[in-house]
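Residue numbers (our numbering), protein chains in the order written: chain A, 1 to 45; chain B, 1001 to 1315.
In case anyone wonders, no lab produced these hints; they're calculated from the structure.
It is possible that some hints are incorrect.
[Said to hold, decoys possible] Taking lysine to any residue pairs in the SDA-like style, the calculated list, with each CA pair at most 25 Å apart, reads:
1) A:35 with B:1043
2) B:1023 with A:8
3) A:4 with B:1017
4) B:1140 with B:1272
5) B:1140 with B:1221
6) A:35 with B:1048
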Amino acid sequence: MTDKDFMRRRRGRSIALFLALAGVALLFYAMAMVKFATQAVHIVH
Amino acid sequence: MSATTSIAGLPSSTAGDWLQLLKPRVLVLVVYTAVAGLAMAPDPLHPVLAFAAILAITVAAGAAGALNMWFDRDIDAVMSRTARRPIPAGRIGPGEAFAFGVVLAVASVMVMGLATNLMAASWLALSILFYVLVYTVWLKRRTAQNIVIGGAAGAFPPIIGWVAATGHLALLPVLMFAIVFVWTPPHFWSLALYASGDYARAGVPMLPVVSGARVTRANILAYTVLLAATSVAPWLLGLTGPVYGVVALALGVRFMWHAARVWRDQADASGRSRRNDAAARAAFRFSILYLFVLFGALVADRLVFHSAGLHVWVG
Chain A
1 MTDKDFMRRR RGRSIALFLA LAGVALLFYA MAMVKFATQA VHIVH
Chain B
1001 MSATTSIAGL PSSTAGDWLQ LLKPRVLVLV VYTAVAGLAM APDPLHPVLA
1051 FAAILAITVA AGAAGALNMW FDRDIDAVMS RTARRPIPAG RIGPGEAFAF
1101 GVVLAVASVM VMGLATNLMA ASWLALSILF YVLVYTVWLK RRTAQNIVIG
1151 GAAGAFPPII GWVAATGHLA LLPVLMFAIV FVWTPPHFWS LALYASGDYA
1201 RAGVPMLPVV SGARVTRANI LAYTVLLAAT SVAPWLLGLT GPVYGVVALA
1251 LGVRFMWHAA RVWRDQADAS GRSRRNDAAA RAAFRFSILY LFVLFGALVA
1301 DRLVFHSAGL HVWVG
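One chain only, chain B, in its complex shape:
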């Protein structure tokens, strides 16, 4: 058997390529916020079932990512940031990626239903459908508000984590959802400011492409102010203690400082940054740290001030 004639035409994917289909970097944030939702829930959940729930949320998010890559394979091939992904690079076939995504999506919802409850499984199914159908298929290529509305998909994990433990919804997980929802636009638009050329080439109507950098910078600032206000709501409503309140205030001020730097960034006549979007890059990096520290503070606050509410399952 000759290597060049019989094998060259076969798929050359590695296990790592399949893992890459799941968008592992995005999964970190999904798992983190889901664990936070689970940890904040007042009802205990057996560690094995909690692990299964978190795994189901992780796999569901990965499945949604795989289906997103399947649908977006044409624009991924055009953008330098995504051209090396397994489908546009030809390492995994589109049909294989689609089947992989569907199987994982169905399996994750099934595991969630078996491990916890039908309500959590329903929320999980909704989050997958929302990301794939509402964001990827419907909004992403049609409107500059794609990531504003589509951001809801990434905000579901805290709700799912909470509902997995309790079986019902409450105000705190809704506020956690709102925080991630409002956090998404300044996070993505900071990235879009310095990747707008990529999006323009692919014909994706991101805000900097459609409305220009100036409008995007103003929107980043506006949403960051809204985020700072939303983030202190759990404290103001008495759902958390002062540890979270102080951290949320400090992080909000810092994020607004970053957003103000983006807003005041020196730009040319067309609105493009004269400093290679250094402020936008810094704001993007800080936005990730922001969410990690904020949700970490939420859980830490519960541990310190409301330890009765954070149960460790003792059988």
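If we strip away everything but chain A, and leave its shape as in the complex, we get:
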């Protein structure tokens, strides 16, 4: 494996990890919003 291959693979792994973590953060945000909204509906009623 050459330097170039190694760097390319490492960049690929880093991008995949970033996308996965960003996706998890977005998912937790969306879940929190849904839970808050549901609780708010219960409180109003």
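With chain A fixed as given, assemble chain B onto it according to the hints.
Structure of chain B alone, referenced to chain A:
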């Protein structure tokens, strides 16, 4: 810095290798049956939470697959079908794969618990533990009934999908579990018939290795008849409409036809197929189509005849 001296010894995994650890082809079936369980549930679930639940089930199944590959790395290296997997091929270290699997397993159960309910998270944790401890560690290398009992692990997703939406268990998801459970032996044994050399080399006591091809063919037929009977149970018990009933009957007859072809396959004195296991290969391919169409019909039937039961969350 020289490429050959400083970098050659470092792990050369790609993002695709890590994805391969999750057994993506198996995940398709897991997601499909989990979505079916979720769709059949009478209680609505917000789309965001439903997405989180399906994602959690998918990641949990992937984590179980990664832990399976970690534990089975020695036999994977021996079998031609699995020798190119990331661990035996040396692209990912065993310790890394184990950590990856454990982190994903814990995270998936946590997300399921936060998104839906503790009951669903518990079922999800049970499915991971069952696949890793009961099937992979305990049964796979000890008994020819490994995939019969271990098949339960792959049958959990419809139950988890249902419980994620409702918080409790009911008869229909149990029947969906039973269908996948009974479907697993003829599905895997069809594959094992033409991959038995691989399993024998690795010392895995699959039924064709332990009892021979003839016994395996008879068992495939027996389980397929049982599957055909189990698949119509939701209809006979009034839990589904005629669309599902007709499709289940037709698929059952077709699968039994395939199983009968496997059973009657021309074999030599040792029971090995003279036709390169063409019937077993066809039965294996059909078994995948069978489950997709059957569960598709289950959901379609609910949409057509029991639309009141299939809720779209409207806030």
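Hints versus structure:
1. A C-alpha spacing of about 17 Å is found between residue 35 (chain A) and residue 1043 (chain B), which places the hinted pair at or below 25 Å, so the restraint holds.
2. Distance restraint check for residue 1023 (chain B) and residue 8 (chain A): the Cα-Cα separation of roughly 24 Å lies within the 25 Å cut-off, and the hinted pair is therefore satisfied.
3. About 18 Å separates the Cα atoms of residue 4 (chain A) and residue 1017 (chain B), which keeps this hinted pair within 25 Å; it holds.
4. For the given pair, residue 1140 (chain B) sits about 23 Å from residue 1272 (chain B) by alpha-carbon distance, which is consistent with the 25 Å threshold.
5. Distance hint between residue 1140 (chain B) and residue 1221 (chain B) is fulfilled; the C-alpha atoms sit about 22 Å from each other, no more than 25 Å.
6. Of the pairs offered as hints, the one joining residue 35 (chain A) and residue 1048 (chain B) holds, with about 10 Å between alpha carbons and a cut-off of 25 Å not exceeded.
Checked against the numbered hints listed earlier, the structure breaks none of them; every hint is satisfied.
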